[in-house]
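Engineer: Sequence:
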Amino acid sequence: MNLRTVPFDHPDAVKLNDEVQAEYHVRYGDGGDSTTLAPTDFEPPHGVYFIAYDDNDDPVATGGWRSQDANGEGHEDGDAELKRMFVIEQARGRGLARRMLAALEENARAAGRTRMVLETGTKQPEAIALYTSSGYEPCVKFGYYRLFDDSRCFAKAL
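In terms of our numbering, the sequence shown is residues 4 to 161.
Fair warning: there could be bad hints in the mix.
Only pairs whose alpha carbons sit at most 30 angstroms apart, straight line, appear in this in silico BS3-like list of lysine-lysine [said to hold, decoys possible]:
#, residue 1, residue 2
1, 126, 144
2, 159, 126
3, 159, 144
4, 126, 18
5, 18, 144
Calculated from the structure, these hints are not laboratory results.
Work out the full structure: start from the sequences and follow the hints.
Structural biologist: What follows is the structure in structure tokens.
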């Protein structure tokens with residue numbers, strides 16, 4: 004896995020974001036994730052966006068985090084919110100998501116964030132399995148989907 008830091012609006016990031024949104028639509032039938040994201044959300048030191056490339060220099064996985072502090076949506080001071088974790092279908096089962104997650108946690112810790120948080124849904128059991136097996140525990144719901152029944156939120160101290 005060749006991990007590169009890229010802007011959230013990089014062409015490869017846009018391509019993979021379109022793919023993950025299409026997958027969300029298939030799973031939930033709602034057009035994709037409606038959480039508002041801006042390229043500036045992922046600018047260091049307040050966030051980062053990674054793309055993993057394969058040996059042919061093709062983008063195969065993404066993930067990012069953005070800083071959050073206490074707000075009316077349930078975040079706490081020091082949060083790093085995980086966003087857009089995704090591995091293309093052809094590259095799944097190779098441990099890329101677990102390695103991406105570890106790199107994001109390390110980066111957020113180095114930036115002074117104290118807790119990694121994420122929101123996923125009940126129709127993504129493989130994501131829930133990844134996070135719980137990586138030490139994430141259920142937490143108070145936060146963010147755009149905090150009032151949705153299918154939403155599940157997890158946290159891990161960094």
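Engineer: Work down the list of hints and note, for each, if the structure agrees.
Structural biologist: Each hint, compared with the structure:
Using a Cα cut-off of 30 angstroms, the hinted pair residue 126 and residue 144 holds, with the two alpha carbons roughly 17 angstroms apart. With a C-alpha separation of about 21 angstroms, the suggested pair residue 159 and residue 126 falls inside the 30 angstroms cut-off, and the hint holds. Using a Cα cut-off of 30 angstroms, the hinted pair residue 159 and residue 144 holds, with the two alpha carbons roughly 14 angstroms apart. Simply put, residue 126 and residue 18 have alpha-carbon atoms about 23 angstroms apart, close enough for the 30 angstroms limit, and the pair holds.
Of the supplied pair hints, the one linking residue 18 and residue 144 holds, its CA atoms being roughly 29 angstroms apart against a limit of 30 angstroms.
The structure fails none of the hints (numbered hints given earlier).
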